[in-house]
Amino acid sequence: QSVLTQPPSVSGAPGQSVTISCTGSSSNIGAGYDVHWYQQLPGVAPKVLIYGNNNRPSTVPDRFTGSKSGTSASLAITGLQAEDEADYYCQSYDRSLSASVFGGGTKLTVL
Amino acid sequence: VRLVQSGTEVKKPGASVKVSCKTSGFIFTDFYMHWVRQAPGQGLEWMGWLNLKSGGTNYAQKFRGRVTMTSDTSINTAYMDLSSLTSDDTAIYYCARKLPHTNTWFDRWGQGTLVTVSS
Chain X
299 QSVLTQPPSV SGAPGQSVTI SCTGSSSNIG AGYDVHWYQQ LPGVAPKVLI YGNNNRPSTV
359 PDRFTGSKSG TSASLAITGL QAEDEADYYC QSYDRSLSAS VFGGGTKLTV L
Chain R
447 VRLVQSGTEV KKPGASVKVS CKTSGFIFTD FYMHWVRQAP GQGLEWMGWL NLKSGGTNYA
507 QKFRGRVTMT SDTSINTAYM DLSSLTSDDT AIYYCARKLP HTNTWFDRWG QGTLVTVSS
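Each protein sequence line maps, in turn, to chains X and R. Okay, so the first sequence: first residue is 299 according to this note's numbering, each after it adds one. Okay, so the second sequence: first residue is 447 according to this note's numbering, each after it adds one.
Honestly, the hints are just simulated from the structure, not real lab data. Certain hints may be false.
To be verified - Calculated pairs, DSS-like style, for lysine-lysine (alpha carbon to alpha carbon, straight line, at most 25 angstroms):
no., chain 1, residue 1, chain 2, residue 2
1, R, LYS468, R, LYS499
2, X, LYS345, R, LYS464
3, R, LYS499, R, LYS458
4, R, LYS457, X, LYS345
5, R, LYS499, R, LYS544
6, X, LYS345, R, LYS544
7, R, LYS544, R, LYS464
8, R, LYS457, R, LYS544
9, R, LYS499, R, LYS457
Said to hold, decoys possible - Coverage of chain R stretches by chain X, computed from C-beta distances (three or more under 8 angstroms per stretch; other residues unrestricted):
no., stretch
10, 483-495
11, 522-532
12, 554-560
Stated by the list, open to error - Derived, one-sided and incomplete: chain R residues facing chain X with beta-carbon distance under 8 angstroms:
no., residue
13, PHE474
14, HIS480
15, THR548
16, ASN549
17, TRP551
Just so you know, these numbers come straight off a predicted model, no measurement behind them. From the three backbone atoms N, C-alpha and C, an ideal C-beta is built for every residue, glycine too.
Okay, chain R solo, but in the shape it has when bound (with noise of 0.2 angstroms):
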């Protein structure tokens, strides 16, 4: 099992970014994919999830209307994006699996993807 998420992004106050993880040794459409977020020196944020089957999405309320999570099955890859950043976006973002039922737990995860905001 890998979830194998794109480089390091800098982007300007105002831009958005487009994060990926592509994913490979499991079945793609039996799980959520959820993104997860840290700033610096921080603790983890959960943004929002994406049902990899149905594409349907949850997002956490601070998100809604700035994130739009996506995937393409056809290539088992998941995509987060998130506009209108500002400095508070900067931080590491993590793709990261989940099966689908509340209680349970995220079992693997992405790399992380730092993106950094800054004029």
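Chain X with its partners taken away, still in its complex shape (with noise of 0.2 angstroms):
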């Protein structure tokens, strides 16, 4: 059971957009810290896609955008591509456990 809870699964069509959400509590994100999502493509190393909540490095599209509000976060995907078929995951920081915690991850199915 992960600390943070996202979706399992979500998909869409491409072009459409999707909303992954990540849950977590008053000892991780309520807590103030940040939440960063990474992108991990089939078979390789997760590569951060939003830091800080809602900053992209240099080389994400703007088609990807974070978000944070309370104890839980988003990252938005819009106009879904084929190349945008991989699992996501959520990270912060909880200060009970004193650890870096992540989400389950979410896979994304473009259609």
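With the hints as a guide, bring the two chains together.
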């Protein structure tokens, strides 16, 4: 059971939009710690997609946006493309555990 | 910036494994090195961190007593040693660097090392 909760899967057709949620608690996201998102394509290491709640590395398209409110965060992907098909993970810090924590991951399928 | 990990390992139950993470392209001691593992078909699991400047560590409760994270600053390489292996430790193990603050992120990852535990 992951400390951060994500839906196991989401799907959308090319060109459509999807949102992936990440729900935490008062000891992690709700305590003010930043949320970061990672994309893991099949067979390779994760790479950072969004850092500091809503910042994109220069190599990441602006179709990807992050947001945070209260004890939750979200990753929105617009204009879905086939190459977006991957696993997505949220990550934050938990002060009760004194540990970095991940969500269980969400598999995005582009129909 | 590169993080290059050692190759695939196959171990018997009860054995230990030591995975290396050789780095280049950045000031080694400016970062913490974290280790994250991923069991087959599962999500990411944080194992702990090593302060590359001081050698201090913080391990996830689940791995305390079984994991040891070390480094050799002369060759900019970090190591993760996991003992008393069981089949549940079969996973890909990643090193990932992170600046020393709770709000920073894993900005570079190694390619992963597959560790298979089987009799």
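Quick rundown of the hints versus the structure:
no., hint, verdict
1, R:LYS468 <-> R:LYS499, "16 angstroms, holds"
2, X:LYS345 <-> R:LYS464, "24 angstroms, holds"
3, R:LYS499 <-> R:LYS458, "34 angstroms, violated"
4, R:LYS457 <-> X:LYS345, "28 angstroms, violated"
5, R:LYS499 <-> R:LYS544, "13 angstroms, holds"
6, X:LYS345 <-> R:LYS544, "13 angstroms, holds"
7, R:LYS544 <-> R:LYS464, "21 angstroms, holds"
8, R:LYS457 <-> R:LYS544, "29 angstroms, violated"
9, R:LYS499 <-> R:LYS457, "31 angstroms, violated"
10, 483-495, "holds (count 5)"
11, 522-532, "violated (count 0)"
12, 554-560, "holds (count 4)"
13, PHE474, "19 angstroms, violated"
14, HIS480, "7 angstroms, holds"
15, THR548, "4 angstroms, holds"
16, ASN549, "4 angstroms, holds"
17, TRP551, "4 angstroms, holds"
Going down the numbered hints, you'll see the structure goes against 3, 4, 8, 9, 11 and 13, while the others check out.
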